[in-house]
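2 protein chains.
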Amino acid sequence: MTRIRATLEYEGTRYHGFQRQPGTVTVESTLLEAVKKITGEEVRLLAAGRTDAGVHARGQVIAFDTGSCIPPERFAPALNSVLPPDIRVVESREAAPRFHPRYDARGKWYRYLVYRQEAGYLFYRHLACLVSGSLDLPAMQEAAAHLVGTHDFRSFCASGSGVRSFVREVRSLTVTATPPFLVFDVQANGFLYNMVRIMVGTLLAVGKGKIPPPGVGEILAACDRSRAGQTAPAQGLYLMKVFY
Amino acid sequence: MTRIRATLEYEGTRYHGFQRQPGTVTVESTLLEAVKKITGEEVRLLAAGRTDAGVHARGQVIAFDTGSCIPPERFAPALNSVLPPDIRVVESREAAPRFHPRYDARGKWYRYLVYRQEAGYLFYRHLACLVSGSLDLPAMQEAAAHLVGTHDFRSFCASGSGVRSFVREVRSLTVTATPPFLVFDVQANGFLYNMVRIMVGTLLAVGKGKIPPPGVGEILAACDRSRAGQTAPAQGLYLMKVFY
Chain A
16 MTRIRATLEY EGTRYHGFQR QPGTVTVEST LLEAVKKITG EEVRLLAAGR TDAGVHARGQ
76 VIAFDTGSCI PPERFAPALN SVLPPDIRVV ESREAAPRFH PRYDARGKWY RYLVYRQEAG
136 YLFYRHLACL VSGSLDLPAM QEAAAHLVGT HDFRSFCASG SGVRSFVREV RSLTVTATPP
196 FLVFDVQANG FLYNMVRIMV GTLLAVGKGK IPPPGVGEIL AACDRSRAGQ TAPAQGLYLM
256 KVFY
Chain B
16 MTRIRATLEY EGTRYHGFQR QPGTVTVEST LLEAVKKITG EEVRLLAAGR TDAGVHARGQ
76 VIAFDTGSCI PPERFAPALN SVLPPDIRVV ESREAAPRFH PRYDARGKWY RYLVYRQEAG
136 YLFYRHLACL VSGSLDLPAM QEAAAHLVGT HDFRSFCASG SGVRSFVREV RSLTVTATPP
196 FLVFDVQANG FLYNMVRIMV GTLLAVGKGK IPPPGVGEIL AACDRSRAGQ TAPAQGLYLM
256 KVFY
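Respectively, the protein sequence lines represent chains A and B. Each number in the working numbering comes from the position in the first sequence (counting from 1) with 15 added on. Each number in the working numbering comes from the position in the second sequence (counting from 1) with 15 added on.
To be clear, the hints were calculated from the coordinates, so they are not data collected in a lab. Here a beta-carbon is modelled for each residue, glycine too, at the ideal position from N, C-alpha and C. There's no promise every hint is true.
Partial list, computed: chain B residues near chain A (C-beta under 10 angstroms) [to be verified]: (1) E24; (2) H71; (3) R73; (4) I102; (5) E133; (6) Y136; (7) L137; (8) F138; (9) Y139; (10) H141; (11) L142.
Stretches of chain A that chain B covers, calculated by requiring three or more beta carbons in the stretch to come under 8 angstroms of a beta carbon on chain B [stated by the list, open to error]: (12) 20-30; (13) 94-105; (14) 137-149.
With these hints in hand, go ahead and build the complete structure from the sequences.
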């Protein structure tokens, strides 16, 4: 058996998230079908991140074991020939036999895309979240700085995630205006459930003047989800890269 | 009766072009249904440009007559409440009783969007045309200059258009690299059938070194469609603005 590691892009719009669920079309179920079509095998898929419905990926990493004689690098074009146009395999190669895309990851980079004007938004309706009206960018940047570092991020975690520890290290969190977009980039050693979307929702509340920038430090310290802002919609979120 | 003038945005992906055709869903048929839903009327629609299947609009202009008592400015939100999310009315107002979006237009601006890399293209697969590999931008810009001015554009017109004159005035034609996009902007007093897409296909052939820049002047002078480049795919084209 050979372990194949592959990097994927996908538009999450049509999918009920990454993870296989009976009776729905997910990114995973679509990939499993594609692997079966080209190798005849029913493999078990490992993935770096289980993105939610509507969430996109620019650099999802997956792995699976195969007994097929297809050369590892040829899996990318072979899978692309049978995958739908909203999932692309960017690259495939042989991995160490015990390589695990999630457990071996040293960190991840997520991006959140906000579209700042009504004009032209319809072209981005599946690819970004619309926030028109004024936003105080320096206030958002000041607030973002409070979230960088090693903290208990319980206030920024949706309930029902069942993790043991809420401590994560946010290595960077930047807010950049590149009109008509506002771009949030977050890198961390790991992410809690809905962590980026709650961070973005909270920073947008800062931008609208509903929360003062130091308030974000207080929200963090409170370890209470109800103190933070709303969960920003799924369609603005991209898993950009997994670091190993 | 009041003549209503409205400005539209739409993503053309799902539509068999603008113009009504029996048995297919077009932008026009969708608009007519929406007008009927809010006024009960079966109106006749006038439009500035009949965009092809897959072609988009940022500033299409339409007009229709109504006996409804809806205030002209309220047509935009009323239509948006019943239109699908890939068609938006940006603005509506009362027009002169004989206003005609096409015959009264003094010019139009079309944009053509090329995406320059494989990475991330899947998000733009309906919104831009993929051209990877090297392109000589200065050569394309030099070639574009040959197309500016008042010329017989027969070489840049698809057959079967049945127009009387092929003479048009191209007021500007720019090629701009804004990575990952290459943007073609063309303004003219009027356009022949497929004119922008043939221009772009020809300029891309220049970029690839298949046609030297002065060759575009020769193609123009030849008045022969077979001399020009391929028609670039529909999904990169946007009707940006109509000038009155």
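Status of the hints after comparison with the structure:
1. Taking 10 angstroms as the C-beta cut-off, the interface hint given for B:E24 holds, the closest approach to chain A being about 6 angstroms.
2. Interface hint at B:H71: satisfied, since its Cβ lies 7 angstroms from the closest Cβ of chain A, which is below the 10 angstroms cut-off.
3. Taking 10 angstroms as the C-beta cut-off, the interface hint given for B:R73 holds, the closest approach to chain A being about 6 angstroms.
4. Interface hint status for B:I102: upheld, as the beta-carbon distance to the closest one in chain A is roughly 8 angstroms, under 10 angstroms.
5. Contact between B:E133 and chain A, as hinted, is supported at the beta carbon level, the nearest pair being about 8 angstroms apart and thus within 10 angstroms.
6. Because the smallest distance between the Cβ of B:Y136 and any Cβ of chain A comes to about 8 angstroms, under 10 angstroms, the interface hint for this residue holds.
7. A distance limit of 10 angstroms between C-beta atoms decides the matter here; for B:L137 the minimum to chain A is near 5 angstroms, and the interface restraint holds.
8. The restraint placing B:F138 at the interface with chain A holds, with a minimum CB-CB distance near 6 angstroms, inside the 10 angstroms limit.
9. The restraint placing B:Y139 at the interface with chain A holds, with a minimum CB-CB distance near 9 angstroms, inside the 10 angstroms limit.
10. Residue-level restraint check for B:H141 holds (minimum Cβ-Cβ distance to chain A is 9 angstroms; threshold 10 angstroms).
11. For B:L142, the suggested interface contact is upheld, since its CB lies about 6 angstroms from the closest CB of chain A, less than 10 angstroms.
12. Coverage of a stretch by a chain is defined here by at least three residues with a beta carbon nearer than 8 angstroms to that chain's beta carbons; for the region 20-30 of chain A and chain B the count is 3, and the condition holds.
13. Given a C-beta distance limit of less than 8 angstroms, the hint that chain B covers the region 94-105 of chain A holds, as 5 residues qualify and 3 suffice.
14. For the region 137-149 of chain A, the proposed coverage by chain B is satisfied: 4 residues have a C-beta within less than 8 angstroms of a C-beta in that chain, meeting the threshold of three.
Hint check: no violations occur; every hint is consistent with the structure.
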